[in-house]
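Trainee: Here are the chains, one letter per residue:
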Amino acid sequence: RRRKRRKVRKEEESCSVFSRIKSFCVTHVAMADREERRFAEVSRDSIKLMAESTGVDLADDVAALLAEDACYRLREAAQTSSQFMRHAKRRKLTVEDLNRALRWSNVEAVCGYGAQDVLPFRSVKEGELFFVEDREINLIELALATNIPKGCAETMVRVNVAYLDGKGNVEPQGTVPTAVQTLSDDLLKYYQQVTRAILGEDPHLMKMALLDLQSNSKIAALLPYFVYVISGVKSVSHDLEQLNRLLHMVKSLVQNPYLYLGSYVRSLVSSVMYCILEPLAASINPLNDHWTLRDYAALLLSHIFWTHGDLVSGLYHQILLSLQKVLSDPVRPLCSHYGAVVGLHALGWKAVERVLFPHLPAYWANLQAVLDDYSVSNAQVKADGHKVYGAILVAVERLLKMKALSLSQSAEGGANAQPGSVAGSMGYRVSSPGLSPPSEPLSETVLGIASHLQAGGAGCPWEEWSPVPLPAMYSELYSFFGDSLAVRFSTGPGFGSYPPCAPACFREARKEPLGPVANPDTARKMPQLTANLNISPRQDGSPRTDPPPPSLAATGAGRSLARSSSVQRSRSSSSRSGQRSAGLSRDVFPKARFISSQSGPPAFSFVIGGRQMGRRCQGRRPFQTTFSSTSSLPANPPRAYAHKLPVIGRVGKPVRRWTSSHYSLYLPL
Amino acid sequence: MVDAKDEADIKTEPVSDGFGNNHANDARLLSASPGSSAAAGNSKPAAGAPEDQQTLLAVLQFLRKNKLSESAEILRREAGLPEEVLDLKGGDSAGPGQGGSADTDGGDASSLLSRVTVSTPGVAKAPTKAGEDQPDVNVVLSAYSQQGDPALYEVYYSGLKKFIESVLDCHRAELSQVFYPLFVHMYLELVYNNHESEAKAFFEKFSGDQECYYEEDLRVLSSLTKKEHMRGNETLLDFRTSKFVLRISRDSYQLLKRHLQERQNNQIWNIIQEHLYIDIFDGMPRSKSQIDAMSGSLAGEAKREANKAKVYYGLLKEPEIELPLDDEDEEAENEEGKPKKKKPKKDSTGSKSKKQDPNAPSQTRIPLPELKDSDKLDKIMYMKEATKRIRLAPDNLPSICFYTFLNAYQGLTAVDVTDDSSLIAGGFADSTVRVWSVTPKKLRKVKTAADLNLIDKESDDVLERIMDDKTASESKCLYGHSGPVYGISFSPDRTYLLSSSEDGTVRLWSLLTFTCLVGYKGHNYPVWDTQFSPYGYYFVSGGHDRVARLWATDHHQPLRMFAGHLADVTCTRFHPNANYVATGSSDRTIRLWDVLNGNCARIFTGHKGPIHALAFSPNGKFLASGATDGRVLLWDIGHGLMVGELKGHTDTIYSLRFSRDGEILASGSMDNTVRLWDAMKAFDDLETDDFTTATGHIHLQDNSQELLLGTYMTKSTPVIHLHFTRRNLLLAAGAYNP
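Protein sequence lines correspond, in order, to chains A and B.
Take the first sequence: its position 281, counting from 1, is numbered 281 in the working numbering, and each next residue is one higher.
Take the second sequence: its position 418, counting from 1, is numbered 418 in the working numbering, and each next residue is one higher.
Okay, chain A solo, but in the shape it has when bound (with noise of 0.2 Å):
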């Protein structure tokens, strides 16, 4: 009888986790009195039948008792495997857990479940009857796969530093908490008062409630609420006066010093997305003027990134991902569309260069088609149509004045470096590359690697993206927009009545850079941009596939020359040496001049103005360049200074060294 009780009792060890063999695995448990015990129990039917399948038929008296014992038995069993996993610092009980409990305690362990997969525990309607299921596995098959499983990956270790001087990110946790701590009455009071006061109807109690979450330095705790209540944008798409208020209560959170946001901004930044980007309930209204809403939306998603973009890390990207899904999806409303372009705008220029400017061609065809039907039927259709091209023309107008800028501002900033340093020795070699038409497809392969590894592998799909010179961008946005864009910008003082310069004058030229350009309207921008490089610094520096060669040997240079430098400084000045490749000052944009690169002639008459300077940077001169683009002319200068550049094959083995350190246990602290 003993012998045939320890059989029982491991069977019913095993029910609860699994079951043993395939004719087993019926077994009937049932949770009785669920809330007083909290225990499984096992049933005196499933004993039975438990015993009629071996072949024993029990007395009801004796399965009972049977049955009590092998519920001890197995709390018991339970009870000392959790032991083990505490002490194998686990929060799971495993089978091989349960498995030592029973090895100690000198009864033969249960084998054949020690996968990790989860059991799938079912159940058969008509009968209360639950089971494992145990698949059949066709033993032939997988003997003959081809497909052998790779063995596992080797236990390593890595250390990163977490916490700089008790400071640092803190990652998300999840977005909002579910789990509800308590809260003093005083302050459960406040977020019921300044809820009501926002959702409600008083303006003027509105305002007092949005003030005081301004300023409040005691509502950290309620925190998770506010997010929680604004995370509720998703159910009032009906009501632009709500969402709009709830808008203005992320403005407040994201303006109170008090509070740190950490991984809330992520929820938040979701909320104010779902208002740029969605086709709310509002937009099917053409009289709702959803449009401010998203134009609100986008400025507060700049706000929060500006402010707090640096709790998240990797939020920069995500929100460029999510953007550039959206204006990638012809299937969605103009409206989202609208609320992408606002978005990316609101996120800098370089946003829109990285997005919008590579994915205008293929977007353009259909913004194209929408303008050009005239139909009564598409009349509201097209004028969302022209709130997108407006927005499209305000983001690229941004994007090639805020460019032109950066170029100018990152020469003078060139300029006051040490000679030496690497920027100056950057500015050294830069050259335009509007000078160079796509053609040697050997060293772009070569960067294309180089770059990857920089970049991490992060697997982006802008990975391969490669800032456009801004000539070229200017062309094919002209392209697109022709005269609307051109006005835009005020035409260069007679440019063009410059003589042309020949290559050979190009050093001397260099030399002698233009004069700052005088753009008070530029110029008070410039913080942004500053604040831009620093967020995103890998943002440049990975040109994509088609880089012309003399801007793709000055990257590659620089990067193998700040590779003794610390990575970020590295990227910050390949960055750097992106920019000034283009070495354009804004205002000598030919009008009319420009012919579309994509059907542009083989060779093109170009003025290139703009500062450039030397190594010794002595003074500054206009200088301009017309060439024609010939395939060995853009060769030349690259040639000329390709002593002091090294070669950039060699890339390859300090970016190597770079990586393997990343790997390495070694932390030079």
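Hints are computed from structural coordinates only; laboratory data are not their basis.
Careful: at least some of the hints might be erroneous.
Cut-off 30 Å, straight-line C-alpha distance, at most; resulting in silico cross-link-like pairs (DSSO-like, lysine-lysine) [said to hold, decoys possible]:
#1 B/K379 with B/K317
#2 A/K218 with B/K647
#3 B/K715 with A/K325
#4 A/K92 with B/K608
#5 B/K243 with B/K205
#6 A/K189 with A/K207
#7 A/K401 with A/K325
#8 A/K218 with B/K715
#9 B/K476 with A/K92
#10 B/K376 with B/K388
#11 A/K218 with B/K681
#12 B/K445 with B/K376
#13 B/K715 with B/K608
#14 B/K457 with B/K470
#15 B/K681 with B/K647
#16 B/K521 with B/K445
#17 B/K376 with B/K317
#18 B/K447 with B/K379
#19 B/K441 with B/K388
#20 A/K234 with B/K715
#21 B/K372 with B/K442
#22 B/K715 with A/K92
#23 B/K308 with B/K681
#24 B/K647 with A/K189
#25 B/K647 with A/K92
#26 A/K251 with B/K715
#27 B/K608 with B/K310
All of these numbers come straight from a predicted model, not from anything done at the bench.
Add chain B to chain A, keeping to what the hints say.
Mentor: The following block gives chain B in isolation, referenced to the frame of chain A:
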């Protein structure tokens, strides 16, 4: 033999109970047992000398039975008993069932029960029950065989409950402590006597009243409904064999006693006398919070005497080491290096000139290994590093580096880092131990014997030459265990590694050859933790067998066994002066053991869950402990007091570490956070007036939030090890748990 003697001792217990409930232990407390007790009343006149005699006779009988006639004779002579007593007794027991010890037990029980029967009519079946029991469990449980009317248990209990609820507030909290042990013992008595339904009803009715921190035990208890289950149930045996200790003020105790006497509530009185140890103190009754802070362990609080022994918690004097003038390799930083180098010299000389710390043990109290040359070099390195140490403060928190074990597949069970933070080792559930080098210096093995012969042994760099460069790698794997490795520890000189495993062994590995040198067998059950002494050579281990053992690396058997915990020893730590060992246990107590004599010097109670982390402060004065209840408790070793409670973690705390200067306490937990606590403030804020030190009733203020300096989340990685580098950079380690 030891077992047998225990058995005999326990056996005598019921005998004396029968005579007057006048236990030797309780004699002090119970000047007058309730006279109304029928059993006691009847036998009262016979009590006194005959009681002793009875005990002696029982011992004699036992010796007889085991054919130890010589010892029996000696004992008889010393006790001055007439010879025929022995013979007679022997004849007696030989009469009914000489054959087995079980039968004799039955005989014993019946003779004892015949006295008890006066008050308990339904006991006649007890002897037969005793007959079928295994002898040892029977003995342990036999105390439960006396019983009253099962139906009245509820009445008794609720009567007492009513009384305690009606007493003055100041006494209520203290007297409420009685509930839990009473409840458990009454329930067990009911179960033991096969009153299953009554037991169930009793449990349902009163289990809700118990303190929430006993929930775990109650769950175990509730699953126990049959007498058969009591056999081999460890929790239960613990409860019976150890007396539940309560601390009650004299006033409160008198109140309780009077009440029980008036009501003639023998059932409860008996339990209190037999199974409870009431530690009476003079003075103010304690408040509820004071009591709650200290209770929660499996066997109640620690007796006050248990924490009276003097503990030499001071640090040993550091050996004098001359700092050599810097070699040419540091020429570069000589300029700035020089003033710094002088400082530690001054410091060390300063401490030397200081008198020996009065709280420190004498240098030779525990024989320690002599310093090798390499140790001295390491000490010099340590001092140099120490000068560059960052002084931590609440406004200057340490940076944290996280060592993440990737691809560990939930199998990482233990981590240790060398003191100089150059190596990190992990113990895994797949029985392996892996060692990684954290510096660019790779791990190399010593050359083979044949190759070693070729080496010029006189050369200066012989230590470098013996290493085989071909074996250099970033990590090494050590195979040998046959179960998960639950504890690992580097030796201070970094040449050895200890690992303890589920297979019941502790293994010593060489980090020169990366092979196993010794397997220390002794625990025979899973060994949960092991640690090297701060001076090397000794190590301590503790495991499922509830015993902590002290070993020396060159002995295959333990030097000391520290027995006393009522459940698994879950973690072990050496005191910085190597004279003491602290052990934490699943019985929710922490014990401090004296390595010299193996005595238990301190018992700390207050945790409400198994203890999984311990850390001594660098000055040796304080101990921090973390448990599954997510709380960190701070203890003053010298006074034997709880001095702080740090609440904040939401899951088991697996690692604790003080910063090198002791200002900051870091705790790592299963809840994927590292928290930093202001240890300085926690210890400074202490109010240590004479009263608290005398009575041990500290009043803790709830200032966890003030002491919490920061909470640092990991990327879903439980923190299972923490380590402060010599410059006070905090290293944390854990396995990524997707």
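Trainee: Return the numbers of the hints above that this structure violates; sort them in rising order.
Mentor: The structure conflicts with no hint, since it agrees with every one listed earlier.
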